[in-house]
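Build the full structure now, drawing on both the sequences and the hints.
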Amino acid sequence: MTAWRFARPPGLPLPQPTGEALPFFAALKESRLVIQRCAACGTLSHPPRAMCGTCQGTAFEWEPMRGQGAVYSYAITHQAVHPAFVDHTPMATVEVELAEGPRLVSNLVDVPPAEVRIGLAVEVVFEEVGDGVVLPLFRRA
Amino acid sequence: MPFSNAVAIAGVGETDYSRDSGRTELALSLEAIKAALDDAGIEPREVDGLMKWRVDTSAEADVAANLGIPDLAWWGEISQAGNVGAALVAHAAAAIHAGLANVVVIYRGVNGRSGRRYGRGDVTGQRGQGGGAFTEPYGLLTPQHGLAMTARRRMFETGIGSRQFGAQAVAQRRHANRNPRATFYDRPLTLDEHQASRLIIDPFHLFDCCLETDGGGALVLASAERAAAAGRPLALIRAAAQAGPGKDAPAKRIAKRLFDMAGIARSDIDVVQIYDHFCPFVLFALEDYGFVDDAGRLADEGGTAWDSGRLPVNTSGGHLSEAYMQGMNHLIEATRQVRAESTAQVPNVTFSFCDTGIGTGAVILERGEP
Chain A
1 MTAWRFARPP GLPLPQPTGE ALPFFAALKE SRLVIQRCAA CGTLSHPPRA MCGTCQGTAF
61 EWEPMRGQGA VYSYAITHQA VHPAFVDHTP MATVEVELAE GPRLVSNLVD VPPAEVRIGL
121 AVEVVFEEVG DGVVLPLFRR A
Chain B
1 MPFSNAVAIA GVGETDYSRD SGRTELALSL EAIKAALDDA GIEPREVDGL MKWRVDTSAE
61 ADVAANLGIP DLAWWGEISQ AGNVGAALVA HAAAAIHAGL ANVVVIYRGV NGRSGRRYGR
121 GDVTGQRGQG GGAFTEPYGL LTPQHGLAMT ARRRMFETGI GSRQFGAQAV AQRRHANRNP
181 RATFYDRPLT LDEHQASRLI IDPFHLFDCC LETDGGGALV LASAERAAAA GRPLALIRAA
241 AQAGPGKDAP AKRIAKRLFD MAGIARSDID VVQIYDHFCP FVLFALEDYG FVDDAGRLAD
301 EGGTAWDSGR LPVNTSGGHL SEAYMQGMNH LIEATRQVRA ESTAQVPNVT FSFCDTGIGT
361 GAVILERGEP
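Residue numbers (the numbering used here), protein chains in the order written: chain A, 1 to 141; chain B, 1 to 370.
Be aware that one or more of the hints could be misleading.
What the hints assert, rightly or not - Only part of the chain B face toward chain A is listed, based on derived beta-carbon distances under 8 Å:
1. GLY125
2. ARG127
3. TYR138
Worth flagging that the hints you see were computed from the coordinates, not collected in a lab. Ideal Cβ positions, reconstructed from N, Cα and C, are used throughout, including at glycine.
So this is what it looks like as structure tokens:
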């Protein structure tokens, strides 16, 4: 029996990052998951922002994450509410809480939608999805 | 000095609700506005203020020109999405109280089924731009996707479940079955049918989701004195409050401001309308506003039904079973309840509560005698 494997619907949008979002996606191309950290007070923020909401600092660093986390919540698309979902349902979208705290929206590459559970331990994998774009997806840890 | 009870909703009006109106969104708005003005006993020439949802396509200039308003003195709109109806009431009441306008019409006209369908990711998506760069590539493409995640997490944390959501959906359907304006007027719903209905975005079943509707609605706001001239019970605006992004849940922050302004307790509220884009959020809001600790249990026990004698919720059928008018139909129903004109009338209503966006804004209306 072949293990279940996530097939990303090709019609899903690719990220079109600008401004503060660019370093996050640039790091993914080097298989690094980084999160914006305020240089002044150390607060981690995701998605990236122009000003730190804690101390109003405007200088940021990019902190490498270990890539470990757990499923915080999930939604499973059953009806094709966008053309990309046609012939690709059910499909699970998850929110992963990283060990360092920030949460990312993502997909699980080796967990069928019916088996997704809150609390499931996962780790990052870097998947090229076309046009040189790399996304941070997750697998069972 | 806040505007408490100095301003009233003097009239309400709506078009028929359908899947294909056959007319423009401007025409729907105008038809609803004329109905609301007739209800208020106010002539179009007396209107000097207009307010709209930013997402509404009918510009105030077009409405003013078509309606024949001779002197539009004040207008405005509020951003975000369909969720700002109470905020519009708050702004309009403040404008009247400040003397910037005398009669303000709030309107909404939308071909939400035959035209732009909000539930479609190819209609409302960002094509991977802006914040969508972090969500849409993974299939989080519509409002219901993000809300499904929020609902799933809350189910995990509190133990509330789909059968409780279903109990609320059934209560609202019973209300719609008494309301000839409602889309589902002649279609009953059982809990089993709710549970057996197909999943749209898990955990939302079909009957957890709002309708898609073509239609229009309008409110006429004026000073309590002007509104009293119609000679019938008044819907006084006792309090109105908004909340944007912030630290705690918006409904918790609104509740503090709203009940402080109203000077009453949760237990003084006789009937409640809650924005029901997705049914679970009705129950979450009842908890976040502080009405009950366990809204799932209340729904299970039938306590949100119009005739329960407890906490009747969404007595027109709401977005699930009457029409999806982005909070407008909730504001109309909240008004009808204090005027004792609802098709699911709660006895002896003094205070009527209306949320129009799960924590973006809410109002408390009070019955006033003419």
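Do the hints match the structure? See the list:
no., hint, result
1, GLY125, "7 Å, holds"
2, ARG127, "5 Å, holds"
3, TYR138, "5 Å, holds"
No hint from the list above goes unmet by this structure.
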